[in-house]
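Undergrad: Kindly produce the complete structure, drawing on both the sequences and the hints.
2 protein chains.
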Amino acid sequence: MENSHGQQTKKLVPGLIAALAGSAAVFTWIENNPDSLSEAPPKLKNTQHDTLKATGKFFKLEEIRQHGPDSDRPWIMRGNKVYDITDWIESHPGGKVILRAAGSAVEPYWDIFTIHKKTDVYQILEQYLIGHVDPDDLVDGQVPKGSIEDPFSGDPIRDSSLVVLTDRPCNAESPMSGLTSFITSTALFYVRHHFWVPQIAKESYKMTIDIGDGSDEKTYTLRDLQTKFPQHTITATLQCSGNRRAHMNEGSGRDASGLKWGAGAISNAEWRGPLLRDVLADAGFDVDSPPGDLQHVEFYGEDTYSTSVPIDKVLDPRQDVLLACEMNGETLTGDHGYPVRALVPGNTAARSVKWVNRISLLEDESQSQWQQRDYKGFGPNETRDTIDWDSAPCIQDTPVQSAITTIRPDQNNDRSDSMVVEGYAFSGGGRKIVRVDVSIDNGKTWTQAKIEPHKHLGHKTWSWSLWTHRCRRPPADSCVIVKAVDEAYNSQPDSFGPIWNFRGVLANAWHRVRIDKLFQSDTD
Amino acid sequence: MENSHGQQTKKLVPGLIAALAGSAAVFTWIENNPDSLSEAPPKLKNTQHDTLKATGKFFKLEEIRQHGPDSDRPWIMRGNKVYDITDWIESHPGGKVILRAAGSAVEPYWDIFTIHKKTDVYQILEQYLIGHVDPDDLVDGQVPKGSIEDPFSGDPIRDSSLVVLTDRPCNAESPMSGLTSFITSTALFYVRHHFWVPQIAKESYKMTIDIGDGSDEKTYTLRDLQTKFPQHTITATLQCSGNRRAHMNEGSGRDASGLKWGAGAISNAEWRGPLLRDVLADAGFDVDSPPGDLQHVEFYGEDTYSTSVPIDKVLDPRQDVLLACEMNGETLTGDHGYPVRALVPGNTAARSVKWVNRISLLEDESQSQWQQRDYKGFGPNETRDTIDWDSAPCIQDTPVQSAITTIRPDQNNDRSDSMVVEGYAFSGGGRKIVRVDVSIDNGKTWTQAKIEPHKHLGHKTWSWSLWTHRCRRPPADSCVIVKAVDEAYNSQPDSFGPIWNFRGVLANAWHRVRIDKLFQSDTD
Chain A
1 MENSHGQQTK
11 KLVPGLIAAL
21 AGSAAVFTWI
31 ENNPDSLSEA
41 PPKLKNTQHD
51 TLKATGKFFK
61 LEEIRQHGPD
71 SDRPWIMRGN
81 KVYDITDWIE
91 SHPGGKVILR
101 AAGSAVEPYW
111 DIFTIHKKTD
121 VYQILEQYLI
131 GHVDPDDLVD
141 GQVPKGSIED
151 PFSGDPIRDS
161 SLVVLTDRPC
171 NAESPMSGLT
181 SFITSTALFY
191 VRHHFWVPQI
201 AKESYKMTID
211 IGDGSDEKTY
221 TLRDLQTKFP
231 QHTITATLQC
241 SGNRRAHMNE
251 GSGRDASGLK
261 WGAGAISNAE
271 WRGPLLRDVL
281 ADAGFDVDSP
291 PGDLQHVEFY
301 GEDTYSTSVP
311 IDKVLDPRQD
321 VLLACEMNGE
331 TLTGDHGYPV
341 RALVPGNTAA
351 RSVKWVNRIS
361 LLEDESQSQW
371 QQRDYKGFGP
381 NETRDTIDWD
391 SAPCIQDTPV
401 QSAITTIRPD
411 QNNDRSDSMV
421 VEGYAFSGGG
431 RKIVRVDVSI
441 DNGKTWTQAK
451 IEPHKHLGHK
461 TWSWSLWTHR
471 CRRPPADSCV
481 IVKAVDEAYN
491 SQPDSFGPIW
501 NFRGVLANAW
511 HRVRIDKLFQ
521 SDTD
Chain B
1 MENSHGQQTK
11 KLVPGLIAAL
21 AGSAAVFTWI
31 ENNPDSLSEA
41 PPKLKNTQHD
51 TLKATGKFFK
61 LEEIRQHGPD
71 SDRPWIMRGN
81 KVYDITDWIE
91 SHPGGKVILR
101 AAGSAVEPYW
111 DIFTIHKKTD
121 VYQILEQYLI
131 GHVDPDDLVD
141 GQVPKGSIED
151 PFSGDPIRDS
161 SLVVLTDRPC
171 NAESPMSGLT
181 SFITSTALFY
191 VRHHFWVPQI
201 AKESYKMTID
211 IGDGSDEKTY
221 TLRDLQTKFP
231 QHTITATLQC
241 SGNRRAHMNE
251 GSGRDASGLK
261 WGAGAISNAE
271 WRGPLLRDVL
281 ADAGFDVDSP
291 PGDLQHVEFY
301 GEDTYSTSVP
311 IDKVLDPRQD
321 VLLACEMNGE
331 TLTGDHGYPV
341 RALVPGNTAA
351 RSVKWVNRIS
361 LLEDESQSQW
371 QQRDYKGFGP
381 NETRDTIDWD
391 SAPCIQDTPV
401 QSAITTIRPD
411 QNNDRSDSMV
421 VEGYAFSGGG
431 RKIVRVDVSI
441 DNGKTWTQAK
451 IEPHKHLGHK
461 TWSWSLWTHR
471 CRRPPADSCV
481 IVKAVDEAYN
491 SQPDSFGPIW
501 NFRGVLANAW
511 HRVRIDKLFQ
521 SDTD
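Protein sequence lines correspond, in order, to chains A and B. Note that this note's numbering numbers the first sequence so that position 476 is 476, with each residue one more than the last. Note that this note's numbering numbers the second sequence so that position 276 is 276, with each residue one more than the last.
Hints were generated in silico from the structure; no laboratory data involved. You may find that some hints are simply not true.
No copy labels: a pair is met if it fits in one copy or bridges any two.
[Unchecked claim] List of simulated lysine-lysine pairs, DSS-like, C-alpha gap at most 30 Å:
no., residue 1, residue 2
1, Lys260, Lys444
2, Lys432, Lys460
3, Lys432, Lys450
4, Lys60, Lys117
TA: Quick look at the structure:
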C-alpha cells in the first residue's frame with residue numbers, strides 16, 4: 001500500500017542553491033522552525049557596499065576559502081558579504097556546527113537550519129561584517145563564482161523501492177516488503193534524516209565520552225568499542241515519532257506540520273555493539289552508584305543532531321542501550337549511522353542518534369530543539385501560537401501502535417472471497433504485544449489476529465510483532481480496522497481527532513483501511 | 001457521586017448459614033466460579049445413612065470437634081455426614097485451606113469457595129465418608145446443633161462513608177472524600193476482599209521465605225522485617241482490576257461479570273517497610289546474579305489468596321517492591337493486610353497480597369485462579385464459553401486511567417455559571433501522568449486540566465495525580481469528559497464497546513458524566 005510512489009533514485013544536483021530549493025528544504029523549514037513560516041526570507045541589503053568599496057575591503061574568493069573550519073579566524077560569506085565569525089563561535093547557540101560554513105557561503109546551511117532566517121539573526125551576523133567579495137569573483141554581482149560543495153553529494157545510493165518523501169535530506173518509508181518480514185533488511189529500513197549523511201572515515205573516527213565530573217574526556221576508536229567490551233545483540237524496532245502522521249491528518253481532517261508519513265516510518269533490525277553502560281564504566285563513571293546530580297545522557301551526532309535520554313535507561317543493563325556498530329550482522333551503513341549509532345530500544349527513534357561521536361552526562365536534559373521542541377505531544381486544542389513548549393515532556397517511551405500493511409486474496413483458500421490481512425503491532429518501553437484485534441465490519445465486531453512467533457533478542461520485547469488474519473472478504477464499502485494491546489493492557493485510541501496535535505506526532509489511533517481502496521492498489 | 005449508598009455498619013449475624021446466604025456469597029460465586037452458575041446446588045443424599053446406622057458409625061459433635069486443623073486426622077462435616085479428609089489434603093487443589101473447616105461443617109466455606117459446588121467435588125468427598133453425626137446432635141435430623149464460628153465475626157468495624165458493594169466479604173469503594181485528597185486516609189481506602197479478614201496475632205506472625213533452591217526456608221517476625229532491614233517509604237496508588245466496571249457495563253450496554261465498581265475502587269497511600277529484594281538477599285538469594293530458572297515471586301496470604309509477580313520487578317531496587325508494615329504512618333489495619341502486605345507499586349492491586357505470610361521463588365507463575373483466570377483481559381468478542389484462559393497474560397502493569405470525582409459550582413468565581421471539575425488520573429508501571437484533557441462539549445473540544453503538584457515518594461511515579469479544571473457550566477444535556485496521557489504518551493480509548501471483556505477488567509475508556517445528573521446528586 002505504501003510503496004506506490006515508484007522508483008526514486010539518487011539525484012546529484014550540481015548547483016547547490018538549486019539543490020536546496022526543492023521540497024526537502026521546504027520540509028526542513030516547516031519541521032525545524034515553523035515559527036519562521038510567516039517571515040519572508042530577507043533580501044540582501046548592500047547599504048554598506050559603497051562604503052566598503054571606498055575603503056577597499058574586498059576579498060578574493062581564494063583568500064576567503066583559506067579561512068575555513070581549521071583556520072585561526074574562520075570567515076563565512078552571505079551573498080556578497082564577508083564575515084569574520086571567530087568571536088561569535090563561542091556564543092553560537094548551535095555550537096561549532098557554524099564552522100561547517102567557514103571559508104564558504106552560509107546560505108545552503110541556512111536553507112537547512114532555517115531557524116536563522118530571522119531579522120535578529122541577520123543583525124547579529126552584521127556585527128561581524130569585515131568586507132565584501134571582490135566583484136570580479138561574483139556572478140551577477142551577487143553570488144560567489146565557482147562550485148560550492150554540495151553537502152548531499154556524499155549521500156549513498158539507495159534502494160529504489162524505498163518510498164521517498166523527500167530526497168534532500170532523505171526521508172523515506174520502508175516499502176511493504178520491509179514491513180512484512182520480522183527483520184527489515186538494511187536496504188529497506190526506513191530513512192529519516194535532518195541533514196545530509198556525514199562522511200566519516202573509520203580510521204579517524206573517535207567517540208568522546210564526558211562523564212560530567214570535570215575529569216578528562218575519554219576517547220574510543222571503533223575498534224575499541226568492538227573489542228574492549230562484551231558485544232550484545234538485540235532485535236529492536238525504531239519508529240519515527242511522526243509515523244502514521246498522514247493517517248492522523250486524514251482521520252482528523254486537520255493537517256499537522258511535518259512530513260506526511262504513512263505506516264512505513266518504522267522498521268525492525270538486529271543491532272550489535274557494547275552496552276553504553278559498560279563504556280561509561282570504562283570511562284570512569286560509577287554506574288552502580290551514580291552521583292545523583294547527573295540525570296541525563298546526551299548524544300551528539302556528526303550531523304549536528306543531538307538529544308538526550310534519562311540516565312536510568314542507560315545504567316540499567318536490562319534496558320539494553322547499545323552503541324550499535326552492526327546492523328543485521330554487518331557494519332552499519334551510512335544511512336543508519338556508520339560507524340556508530342546510539343540504539344535506545346523502546347524509545348522513540350529520535351533518541352537513537354546516528355553517527356554519534358560524543359556522549360556527555362548532564363544534570364539537565366539536552367537543550368537541542370529535538371529535545372525541547374520537535375518531539376513533544378500536546379493537546380488537540382493547543383497550537384503553535386499559544387504553546388508553552390515546556391508544558392510537555394519530550395517523547396521517550398512510546399504508546400501502543402499497530403498498522404495494516406497488506407490485504408490480499410488468500411491463495412491458500414479455495415473460497416474466492418477469503419482474504420489475508422497482515423500488519424505490525426508495537427509498543428514502546430519493551431512492552432510486548434499481547435493481543436491484536438481485527439474488525440472487518442467498521443469496528444462493530446472484532447476477532448483476534450494470529451501473532452507470529454518471532455524470536456525477540458534482548459531483555460525485553462524491543463521488536464514489533466507481525467500478525468496475520470485470515471477472514472472472508474467483506475463488502476467493498478467496509479473498513480478493515482486493527483487495534484493492538486500491549487502487556488500493560490494499553491489499547492489504542494479509537495479515533496484521531498482527540499489525539500491530534502499540531503506536531504503530528506504519536507499517531508496511534510486505530511488503523512482503518514477501506515477495503516475497496518486496497519484491493520484496487522494491491523495486486524499481489 | 002459515589003457515596004450515595006448511605007451508612008453501612010458491621011452486622012454480626014449469629015446464624016452462620018443465614019449470614020452467608022446473602023448477596024456477598026452470590027457475588028463470590030460469580031467472581032470466582034462463574035462456570036458453576038448454571039449448576040443447581042445439590043441436595044444432600046443420605047442413601048448410605050441406613051447402612052451406616054446399622055454398622056453404628058455415628059459420631060458425637062464433641063468427638064468431631066477434636067478432629068480439628070491441628071489433629072492427626074482432620075474431619076469435616078457436610079450435612080449430617082462425617083468425612084476423614086486426612087488423605088485428601090495433599091491432593092486438594094486449594095492446598096491446606098481445607099483445614100479451616102476441620103472439626104466443623106464445610107458448607108459455610110463452600111458458600112465462599114463456590115467452586116466446590118459441583119458433582120465431581122461431591123464424588124471426591126464421598127470417598128472419605130466415615131460415618132454420620134449422631135442424630136441426637138442434629139437439628140431437624142440434618143444440621144449439627146450448636147453455634148458454628150462465623151468466619152466474618154472478626155471483620156473490623158468500618159467507616160460508615162465507605163461505599164459498600166458487598167458486606168461479606170467486604171467490597172467497598174472509597175467515598176468521594178477519599179478520592180479527592182492525594183493521600184486517602186486509611187479508613188477511607190477502598191476495600192476489596194475475597195474472604196473474611198484473617199485475625200493474626202502480632203506475636204505469632206511469621207513470614208516464611210522459600211528461595212527456591214531447596215535450602216531451608218527462613219522465617220521472619222514482624223519485628224525482624226521492621227528492624228533488620230532499611231525501611232523505605234513510597235506513595236503508591238492501588239487500583240482494583242475491576243475499577244470502573246460499572247462504567248464499562250453502561251458504556252458498552254453489555255454486563256460483564258463481577259461487582260459493579262464505579263470509579264472508587266482505587267486509593268492512594270503512603271507505604272513503609274523493607275524492600276522485598278533486601279529480605280530475599282538476607283534469606284540467601286543472590287539478588288545481583290539470580291539463577292535464571294526462577295522467574296516468579298509468589299505471595300501467599302493468610303486468607304488463602306495467592307498470586308505472583310515477575311522476579312525482575314522484585315529484584316530491581318528502583319521498582320520499590322515492599323513488604324509494607326505501615327500505611328499512612330501507622331501499623332497496617334486488618335482491612336489492609338495487618339501485619340504485613342506485599343506492596344507491588346505500578347501493578348494491579350491484585351498483586352499486592354494482604355496478610356502475606358509466605359513468599360516463594362518459582363520457575364513458573366502462580367497457578368492460583370487469581371493468576372490464571374480472574375485477572376486477565378480478553379477481546380470484546382471472547383466469551384467465558386469459548387475462552388482459552390492461557391491466551392492472555394495475567395494483568396500486572398496497567399493502562400492509563402482517569403476519572404471525574406466531583407463537579408461542583410465554583411465558589412471562588414462570581415459568575416454563577418462557573419464550575420469546578422475534579423478527578424484523578426493514574427497509570428501503571430510508574431508512568432507519570434503528563435496531561436489531562438477535559439471536554440465539556442461531549443468531546444468536540446478539549447482543554448487541559450491543572451495537575452496538582454503533589455509529592456510522589458519512590459523511584460517512579462507510583463501515585464495517581466489529582467487534577468482540577470475550572471470552566472463555565474455547559475448546557476444540561478452536555479457530557480463532561482476526561483482523558484489522560486501518561487509519560488509513554490499512552491492515551492485512553494474513546495469508548496467502552498471495543499475494550500469490553502467478559503471479566504469486566506481494565507475499564508479505562510474516557511470517563512463521561514452527564515452534567516444534569518451530577519448537579520442533581522452533588523449538592524456541595
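Undergrad: If a hint holds in the structure, say so; if it doesn't, say that too.
TA: Results for each hint:
no.	hint	verdict
1	Lys260 x Lys444	both (29 Å within a copy, 24 Å between copies)
2	Lys432 x Lys460	both (8 Å within a copy, 21 Å between copies)
3	Lys432 x Lys450	within (14 Å within a copy, 32 Å between copies)
4	Lys60 x Lys117	within (26 Å within a copy, 100 Å between copies)
Hint compliance for this structure: every hint is met.
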